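S.K.: Based on the provided sequences and hints, a complete structural model is requested.
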Amino acid sequence: QLHLQESGPGLVKPSETLSLTCSVSGVSISSNTYLWGWIRQPPGKGLEWIGNIYPGGSSSYGGTTSYDPSLKSRVTISIDTSDNQFSLRLTSVTAADTAIYYCASLFLPRNAVANWFDPWGQGTLVTVSS
Amino acid sequence: QSALTQPASVSGSPGQSITISCTGTINDVGSYHLVSWYQQHPGKAPKVIIYEVFKRPSGVSARFSGSKSGNTASLTISGLQAEDEADYYCCSYAGGFIFGTGTRVSVL
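Chains as they are written, first to last, in the working numbering: chain A, 11 to 140; chain B, 3 to 110.
Quick caveat, the hints were computed from the structure, so don't treat them as lab data.
Watch out, some of these pointers could steer you wrong.
Output of the computed footprint for chain B on chain A, the stretches with three or more beta carbons under 8 Å from beta carbons of chain B [to be verified]:
id, region
1, 77-87
2, 116-129
Below, a list of computed lysine-lysine pairs in the BS3-like style, where the Cα atoms sit at most 25 Å apart [as the list claims (entries may be wrong)]:
id, chain 1, residue 1, chain 2, residue 2
3, A, K23, A, K82
4, B, K49, A, K55
5, A, K82, A, K55
6, B, K57, B, K46
7, A, K55, B, K46
The structure displayed is predicted, hence computed values, not measured ones.
Positions of the beta carbon are idealized from the N, C-alpha and C atoms, including for glycine.
M.R.: So, in structure tokens, the structure goes:
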């Protein structure tokens, strides 16, 4: 059974880099039937897609990435196959980046597009404050 | 990319049916048959209840159903129950992903 768990600092200073890890169990992160994604939710607000990574393809990040245009200049998602996990880096953070950060998987149907997030990790709250 | 538009709140009595709309544009909901819906109880992670407009994952109640017409997708909850009280979000594939603004469902 696929299970995801986020980990990382709960407090980050403004202008610094937010770094989170999502540990995956139940399937190899190198599997070609899943994509891996990050979504965030500011306190009391809605869900925001951050980006995805697919293990296939050649990339220094371990896979092919796709990011929300509004965050693209600050975001990096990468895969660590040795620890079966994937990571999120968000640079130059401000108070607006305070949110619960969720990792999730996307199943890749045959000859189709991965288009729904399931399952999700429990989420981790990251606060940006000095 | 702007968030998909959902009503802020919808309410109903136990046993009734309610429908939540999710309005996008020709560039997202209107172009792809790839809309999913998520249920989020307070303090919990979202859970998918509908994918690819109308498909239900294993274990999700048949009281949840989805549809789409033009640029608007809809989620219907039939036979409303107290446990359905939660926030609901739509999401459309559009190259990347766009979530809806969210709808708080209250059971009166």
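S.K.: Look at each hint and say if it fits the structure.
M.R.: Status of each hint after checking the structure:
no.: 1; hint: 77-87; in the structure: holds (count 4)
no.: 2; hint: 116-129; in the structure: holds (count 6)
no.: 3; hint: A:K23 to A:K82; in the structure: 20 Å, holds
no.: 4; hint: B:K49 to A:K55; in the structure: 17 Å, holds
no.: 5; hint: A:K82 to A:K55; in the structure: 21 Å, holds
no.: 6; hint: B:K57 to B:K46; in the structure: 23 Å, holds
no.: 7; hint: A:K55 to B:K46; in the structure: 14 Å, holds
The structure fails none of the hints (numbered hints given earlier).
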